[in-house]
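J.: The residues making up each chain are set out below.
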Amino acid sequence: MTIRNLYRETTSALLSNKSRSGLTVLGIVIGIASVIIMLAVGNGTSSSIQSSIQGLGSNLLTVTPGASKAPGSQVSSSAGSTQTLTVADATAIENLAGVENVSPEVDSNQQIVATSANVNTTVVGIEPAYADVHNVSMEEGSFITDKDVQQLERVAVLGPTASDDLFGVGVNSIDKTILIDNLQFTVVGITVAKGGSGFTNPDSMVYIPLTTAQQEITGSIYVNDISIEAVSSQNLQTVQDEVTTLLLKRHDISDPTKADFSILNQASLSSTLSSITNILTILLASIASISLIVGGIGIMNMMLTTVTERTKEIGLRKAIGAKKGDISLQFLTEAVVLTVTGGIAGVMLGYGVAYVVTLTGLLTATVTLSSVLLSVGVSAAIGIVFGYFPARRAASLNPIDALRYE
Amino acid sequence: MIECKNITKVYNTGEEETQALKGVSFTIQSGEFVAIIGPSGSGKSTLMHILGCLDTPTSGQYLLDGQDVSKLSDDELADIRSKKIGFVFQAFNLLPRTTVMNNVVLPLVYSSVPDGEYAARAAASLRAAGLSEDRWNHKSNQLSGGQIQRVAIARSLINNPSVIMADEPTGNLDSKTGEIVLGTFQRLNKEHGSTIILITHDPETASRAERIISIRDGLILEDKKNAGQKFVDATLLP
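Chains E and G supply the protein sequences, listed in that same order.
With the working numbering, the residue at position 116 of the first sequence is 116, and numbering never jumps.
With the working numbering, the residue at position 194 of the second sequence is 194, and numbering never jumps.
Isolated chain E (complex conformation) (with noise of 0.2 Å):
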């Protein structure tokens, strides 16, 4: 058999039952597709998740006021009721190896009016180091700065939560005036929205400087917690251990289960995270493998059904002198083309949907050359071996026998 008579024989099958031809071809791109688009959509979700969980900052230290609850002991006071942290211990924390940032914090709720709207909140007392700490960016105007906080400045960052519902979306609300506790305070900067988590939404937020917030809000010297970022989240609990040496000390407090504080170790969230990607990455490993099998099942189904009705055409033209090689080319052909042509196309299909998910804005939707390989490669296979194989099979039949088959 030549190789012109093998494209002419090719072509001639695959054009004579286009329908046949195209639920195949359809088979095979929906398989390609539907796996390049699940891991798409698959990893884009599974990067912003962690994107967001990483957003919350994972080698933080928060110390609170209060003890936590000694071991076996059933009554604890509760965190934040009592007042032990000052500004000279985040000061002193300061100057251990292995802290990178200190941030202490004073919140309380407060009614907020703008002009046209009041808003109830949480106004955050704060010190610069507090944007490097919690990842806070600026969309808009600066960030409260150590000029502010030295001079007690009445200045204020908004969330743009806070800002669109005092004053209305779109509206630019820098320089514009608040009242925060009946003292009238500038706004000088929006934060980039981070999107809420937990049960405080850091864009319905106001900033203000730490030292105005304790003269004018709350009249103490005392600070409701203090945020400490380390170096790296390796080296945390060498940090927390110091932490808590340094302030029992500072404290006078010899006992360590008497201690009037209490530190949250955001290390148990980078466990969370890691454990969170380990399910994603099984999660998307059990959708591609699922969609590679309905549509390698579909493939097979097609290439089986095609082979079965066309036993009598293998019949006839092994009667009429066609050696069981020029079959079993024929078919290996037919399927190389029909799966060629099918994985073209399904690669195509499964970059435009990816790229119309992330115009949605939804999520990113990211393409990955494995999973275009993966798929790409799985049903190649599927589609050439349940191609040819039976055709095989089905060569080597006796031409009367395979004549014969109904």
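Source of the hints: derived by calculation from the structure; they are not laboratory data.
Ideal Cβ positions, reconstructed from N, Cα and C, are used throughout, including at glycine.
One or more hints might be untrue.
In silico DSBU-like links for lysine-lysine, alpha-carbon gap of 35 Å or less [claimed, not checked]:
hint : chain 1 : residue 1 : chain 2 : residue 2
1    : E       : K18       : G       : K71
2    : E       : K324      : G       : K139
3    : E       : K324      : G       : K83
4    : G       : K176      : E       : K312
5    : G       : K83       : E       : K194
6    : G       : K139      : E       : K312
Quick list of simulated restraints, FRET-style, between CB atoms [stated by the list, open to error]:
hint : chain 1 : residue 1 : chain 2 : residue 2 : range
7    : G       : P96       : E       : I344      : 44 to 54 Å
8    : G       : E204      : E       : E309      : 31 to 41 Å
9    : G       : S73       : E       : Y355      : 55 to 65 Å
10   : G       : Q142      : E       : Y355      : 40 to 50 Å
11   : E       : N278      : G       : D74       : 15 to 25 Å
12   : E       : T11       : G       : E191      : 50 to 60 Å
13   : E       : I297      : G       : D74       : 26 to 36 Å
14   : G       : D174      : E       : G377      : 47 to 57 Å
15   : E       : E406      : G       : P39       : 40 to 50 Å
16   : E       : E406      : G       : K225      : 50 to 60 Å
17   : G       : P96       : E       : S274      : 52 to 62 Å
18   : G       : P96       : E       : V356      : 35 to 45 Å
19   : G       : G116      : E       : I344      : 43 to 53 Å
20   : G       : Q142      : E       : A285      : 20 to 30 Å
Chain E is fixed; fit chain G onto it per the hints.
T.: What follows is chain G alone, placed relative to chain E:
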């Protein structure tokens, strides 16, 4: 020329052994029109498969144009089928949704005939089989039964075979169309000198051949010249 010497065929289906042919010998000269007749189970289909090189005998010798083909491998048999044998089947067996032309040239695909000759050969075969030219580019499913069988006859002619094996070629046709197909064979035999072996169970169909070999229970019952050969009215033929 076909020479069969004491051909036997035994089928082994599990525990049971069936002797389909029990020693069959005859010679068919080139240019003969022979009918092999027998009821179902007589062994005529088995004989046809062996004569058509679709199967090999269990014992005995089958010489086709002087070459012993009874011990050949599958691929060697395919080669013989491609070069020396044309088949016409009861069920026609054309490729569906494929043009008449492409159906007729199908055997050439597996031969060494150069591409350039395809069209001319197909045209000659289709003319010899008596299919009018306006049908040549139709698809096989747009033809009537008689036309389909003539396409199948044209296909069997295209490699200039030594012998045309027709297996119940009129079995799926009405009597008038069947008549035309038999007439076509008679004309091919007379005008082109084709050797034709017609396998049938029907004495009426067999009566168109010039020699009738009757076969029963795997043995030749009778092998004689057909004194009363009936000729199909030439005016019926297209």
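J.: Among the hints numbered above, which are violated by the structure, and what are their numbers in rising order?
T.: Violated: hints 1, 5, 7, 11, 12, 15, 16, 19 and 20.
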